[in-house]
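**Q** Got two chains here, each in a separate frame; can you build the complex from them with the hints?
Chains H and E supply the protein sequences, listed in that same order. Note that the working numbering has the first sequence beginning at 1, numbered continuously upward. Note that the working numbering has the second sequence beginning at 1, numbered continuously upward.
I should point out that these hints are in silico values taken from the structure, not numbers from a laboratory.
Computed cross-link-like contacts, BS3-like style, restricted to lysine-lysine with a CA-CA straight-line distance of at most 25 Å:
| hint | chain 1 | residue 1 | chain 2 | residue 2 |
| --- | --- | --- | --- | --- |
| 1 | H | Lys210 | H | Lys193 |
| 2 | H | Lys145 | E | Lys272 |
| 3 | H | Lys142 | H | Lys123 |
| 4 | H | Lys9 | H | Lys219 |
| 5 | E | Lys380 | H | Lys79 |
| 6 | E | Lys2 | H | Lys79 |
| 7 | E | Lys380 | H | Lys26 |
Far from chain H, by Cβ distances over 12 Å, these chain E residues were calculated:
| hint | residue |
| --- | --- |
| 8 | Asn64 |
| 9 | Asn84 |
| 10 | Leu108 |
| 11 | Gln130 |
| 12 | Gly162 |
| 13 | Ala166 |
| 14 | Gly199 |
| 15 | Leu200 |
| 16 | Asn211 |
| 17 | Ile216 |
| 18 | Ile237 |
| 19 | Met239 |
| 20 | Leu247 |
| 21 | Thr360 |
Computed footprint of chain H on chain E, listed as stretches where at least three residues anywhere in the stretch have a Cβ under 8 Å from a Cβ of chain H:
| hint | region |
| --- | --- |
| 22 | 8–21 |
| 23 | 267–279 |
Just so you know, these numbers come straight off a predicted model, no measurement behind them. Don't be surprised by glycine CBs; every beta carbon is placed ideally from N, CA and C.
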Amino acid sequence: MEDNIVSLKNITKRFKVGEGEFTALKDINLEFKRGEFSGFVGPSGSGKTTLLNIIGSLDSPTEGRAMVLGKDIAKLTHKESAQLRNKHIGFVFQVFNLLPVYTVYENVEFALLLQDYSKAERKKMVMEALEWVGLTDLADKKPDKISGGEGQRVAIARAMVKRPELVIADEPTANLDAANAHVILKMMKKLNKELNTTFLFSTHDEKVMKYLNRTIHLKDGAVEDDVLTNSEKSNA
Amino acid sequence: MKLAFQLAYKNLIGAGLRTWLNVAVLSFAFVVIIFFNGLMDGWNQQAKQDTVAWEYGNGQLLNNDYDPFDPFTLQDGHSEILANAENLTPILIQQGSIYPDGRMLSVLLKGIGSSQNIIQIPTGAFKDSQAEIPAIIGKRMAESAKLKKGDEVLLRWRDKNGTFDAANLTIIEVFDNNVSTVDNGQIWLPIEILWNMTGLQNHATIFIANNNYSPIPIEGWHFKSQQELLKNLYEIIAMKKISASILYLLLLAIALLAIFDTQVLSIFRRQKEIGTYISLGMTRKQVVRIFTIEGSMYSLLAMLVGCIYGIPLFIYLATTGIGMPQATQEMGISLAERIFPVFGIQLIIGTILLVTISATIVSYLPAKKIAKMDPVAALKGKLQ
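Bound-form chain E, shown alone (with noise of 0.2 Å):
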């Protein structure tokens, strides 16, 4: 084995410019494999961490009537708080309309307590603040209800016999984050503030849990966990995986095919060097060996370049991140503005096993003919 790596690199090197253009391809292809699924991985991680951090905390609790994907269970989908409320942070959502410039907008009015520390949401600017109802916006929310710090803008609600009231609220905060349903149509209040406005007193549609929270069986009530909530995020990441992959393997093909192509033609301008292998005593499972060890080698040499100008790029995109659209922001899943791709040992060695087996097997595939080569006629140049 060792003997056919020996030959399999000279005859690589040997064959010059041949060699570079195919180890050329694929290292590109290499690099852009580890790049796009980096990304992936970065933009997977970041979502992950920012939806736990500013929605999700260690899970929700779920009024039963309440169905996240059904504004219609806002309603009635609340209960009175629990008498033990331990590590649980309550929210009560509402519907609500606000007028900025004359212009109606339907929002979801979401109370929640100024003391609470388990979501990022900046909670405890509501108590400073001296405004009759003080609300909270993230920055889509601002952008889009053209609304700033200081503002403020006609709120018209239901209470709960289903009147509606109207009132001035004043935009005390407006944070940056990377959650857009956190933010969104959003419009955050102090919950007793909200119980006061509607009548539902000490009414909770969700709570979010903090790390201590254990969850129990809880009458009108059920427990989501993180993973359970962030499925639907994982499910959005697989899919943007695979319209990926489809990229990358496409550049995989073509690299690949520029190999099995320079083997079909190496072996068919071989064929006195074949034959020469065979009268100097190789077996033809030798030769096919070194041809097939050539043709991975191809993918190894291909490493090699990749890492001369992949780990600086890698480097440096994962230090200082790749700046997202403003328009892909607003796809309803978490973006940052940048994405810092995470290039982890898994993926690395996951695509050099990919590229190296695949360069190994279409290798394999022509080089298997010279098994059944007739010498004699390989040594003229005969064989067709």
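Here chain H stands alone, though its shape is the one from the complex (with noise of 0.2 Å):
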């Protein structure tokens, strides 16, 4: 049990919708190794956002208990859900969302400014997370001069220049063609080896599913399938 990273009982989640009520997520159990390369795959509406917004503490479930590197989601105040995202967990968004006013250096930089890293300590670790997406020479660019798998690379550096143990990525290639999407998935798959990081999709693109370990399908808010992949096993 010490080796989950994410603990999912029986979550679900409503949503108020008018004078009625929408469940997104219905008694979702679900278990997470460190290390693993997972992903929610279904349509439209399925909940897959829902959940990994859940495991990001960006929000909680209306029943259940989420337990994410071992913090109750449901219990945690505003500061202690933004500590845990600021030192454990790396965000990549479908639209990249880098800030428009920085630099791609100071975009990666700007998770370690919530942290007590000196400033030297920063350009390393900066540089460092650059170097791995291979983006060291456009530091200094604003993110409207660089390309849409560009900017997915600087999204991914900025998730992972803080070494967090968890990264959720919410369709990181819709909005990349598909050699930019294999680059990117390459990055990733390369980071979860070498850094032993978990990163968890939300996706219904094919070409993602073919790099992950365990696929995860939702359906109206119900799992309807969890299938290992590439030989790997599920604690699921």
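**A** What follows is the structure in structure tokens.
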């Protein structure tokens, strides 16, 4: 059990819609080990992003218990969940969400500014992260001066620079062409192996699915199937 | 906090023209507020100095029967000069009429010693004059009566028994000053001559004290200190300040509205950015702080921009002064032809604090909504 980085027990999430309620997640029970490269697959509205948001402590379940890195998400204060995200969780978004007024270097450095690193330490870590994604020569560019593929690589560097234990990637290839998608996924896979970082994806992209070690199919907010691929075993 | 300032600064500079438009409006508000207050302070200081120098001295000792606001008290509001009138200049005030060009003008006749040096009325001119009734008038009186130095004009007055008498007086000096209350409708005569004309030998209506005078209770007389005498002037200046403040508060309100509007729009348009900040590990409070500091930094940038054109402008105005039109100089209070604004450190720091605090408040009001923002909805840019 100690090796479990995420443990979801009977997770249900309901949203108010007008007078009524919409159930986005129904009784989800899942566990993820450290170093997994797993993904939630399913059509739009199946609950993939909602589940990732709960794991990423951006949201909390209506019912059930979500334990992430030993913390009960529902019981965290705003400050505690912010610290969890800042120190242990990296995010990669579909539309990259780079901060437009900052350079590539500053975007990657941002997460470190909230921690107690010296300027020299930050520089070393940022340059190392940019090396991982092969963007050291674009460090001084603003996000509007780089391509979509490069933008997503910056987002990966930003997510990885603090060496998080968990990276949550919500449709990371949805805005990329096939070639760039493969580059990004190879890069993430490499970081997963080298740094033993756990990656959790949400996707309905076939290209992404090929890279996953474990694919969890969601439908109407419930787990439909939990499949191990590439000879790796699941705890689910 | 340092990080919040760094991020806020980057966001502001990165916002480009939107930032500089707000900064321009706010810097204009800065400069106008300081200018108006400086003008008022300069006027206040000049009016106070001139009124003390030309009229009040270090205070006045008034006859108990004399009320400066009631001309009917002039008839009886005088008594014999005090035995010990050291450090005091006696002035006898009586009513009279002059007839320049056949017109009748009511005037106050003020008798004053030729050797006095407490107020700046050029009474020394009496000593050199050979005229039977030498008179000194101010430039406003000269203009309204169309009199000039060397002119003779018929004067009519009552003596102590109420009998009318008349004689020609000679204008021996026309003095230029900013204090209309020693000028308009007034004729200054040697007190000895006024005593002879009215039969009120050794009488005075008021005394003007010099700096060495220490007030002591004297029967039949009461002392009004310089501060008491200046009270009316201060009230007029305060009223002027209030009416001027309406203008600059309106200007400040427009500038603050621009900041408020920008902040509301900014928070709406930058939802994804706010969601990203939170997902990267910022607390909502930290994000609120960044947006609030962004708003208050408008005022800091405005201060810097204001300095660029404000400081040379203020130095120029404080050196050359601002010309006042003739009409405003006849308002009844001291007003120089040129007013030299005073831009004191207290005024500048006060204005900086006023604008910075106001800008911070109007930035915080919309920014505090971030504290209740759902980060997931913010990341999707779905908040309305």
